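A.B. asks: Sequence:
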Amino acid sequence: MMRMFNSYIKSKLEYCSLVWSPWRQTEINKLERIQFFFSSKIYGLDQLDYHQRLKKLNLYSLKRRRERYLIINAWQQIEGLTENVLGLKARRLGRSTRIVSAKIPIGINGKRIKERDRTLIHNSTARNSERLFNVLPQSIRNITKTTTETFKRHLDKWLSSIPDTPKIDGYLGKCCCRN
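Under numbering that gives the first Met the number 0, residues 0 to 178 are what the sequence shown spells out, in order.
Hints were generated in silico from the structure; no laboratory data involved. Given the structure is predicted, the values throughout are model-derived calculations rather than measurements. Do not rely on the hints blindly, as some may be mistaken.
Cβ-Cβ distance ranges computed for the label pairs, FRET-style [unchecked claim]:
id, residue 1, residue 2, range
1, Glu-26, Ser-6, 20 to 28 Å
2, Ile-33, Arg-130, 20 to 28 Å
3, Gln-75, Ser-39, 30 to 38 Å
4, Asp-48, Asn-83, 38 to 46 Å
5, Ala-89, Thr-25, 33 to 41 Å
6, Lys-55, Thr-149, 25 to 33 Å
All C-beta atoms, glycine included, are put in the ideal place defined by N, C-alpha and C.
The whole structure should be built from the sequences, with the hints applied where relevant.
C.D. replies: Pasting the structure below:
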């Protein structure tokens with residue numbers, strides 16, 4: 000069943016550019032429902048809560064996996080392993096590394112940006128990469144001159160210590176994740 004999930008469902012949810020970076024909570028919930036529905040059909044796991052099923056299957060929620068990807072991508076850009084298309088710059092202060100992204104304008108030619116455009120900028124990949132990388136513990140941010148797999152291992156170890164369950168009840172909508 001997991002082989003079918005990885006080949007048919009996970010690949011579509013993670014690698015389709017249209018669904019890769021949703022910024023509305025309703026869009027995120029719709030995508031999460033697909034994984035919820037599939038995991039509820041696995042024999043023996045149907046009585047468990049959604050987040051308990053993910054833990055049994057050694058999966059993260061889609062939101063957590065997207066955040067993990069953004070952190071890894073930001074690290075690769077800082078290390079020079081991929082092209083730095085986001086304009087991320089690393090600033091090292093003593094033993095700490097922080098990301099400073101390119102300035103995003105508040106207005107263009109003296110005109111204010113529309114509310115929708117400001118929301119898109121706020122939820123952009125550059126902003127999220129910067130924010131997510133900067134909240135990492137210093138021990139992970141300072142990993143340099145190593146392979147991506149080593150960085151992923153350290154990141155996954157840290158992510159597994161943080162619960163993937165929602166902070167508020169009903170995080171994934173009323174109808175999709177209640178058993």
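A.B. asks: A separate judgement is required for each hint: does it hold in the structure or not?
C.D. replies: Hints, verified against the model:
1. Glu-26 - Ser-6: 20 to 28 Å: holds (24 Å)
2. Ile-33 - Arg-130: 20 to 28 Å: About 26 Å separates the Cβ atoms of Ile-33 and Arg-130, which means 20 to 28 Å holds.
3. Gln-75 - Ser-39: 30 to 38 Å: The hinted range 30 to 38 Å holds for Gln-75 and Ser-39, with Cβ atoms some 35 Å apart.
4. Asp-48 - Asn-83: 38 to 46 Å: holds (41 Å)
5. Ala-89 - Thr-25: 33 to 41 Å: Since the Cβ atoms of Ala-89 and Thr-25 sit about 35 Å apart, the hinted range of 33 to 41 Å holds.
6. Lys-55 - Thr-149: 25 to 33 Å: With Cβ atoms ~27 Å apart, the hint holds.
Checked against the numbered hints given earlier, the structure satisfies every one of them.
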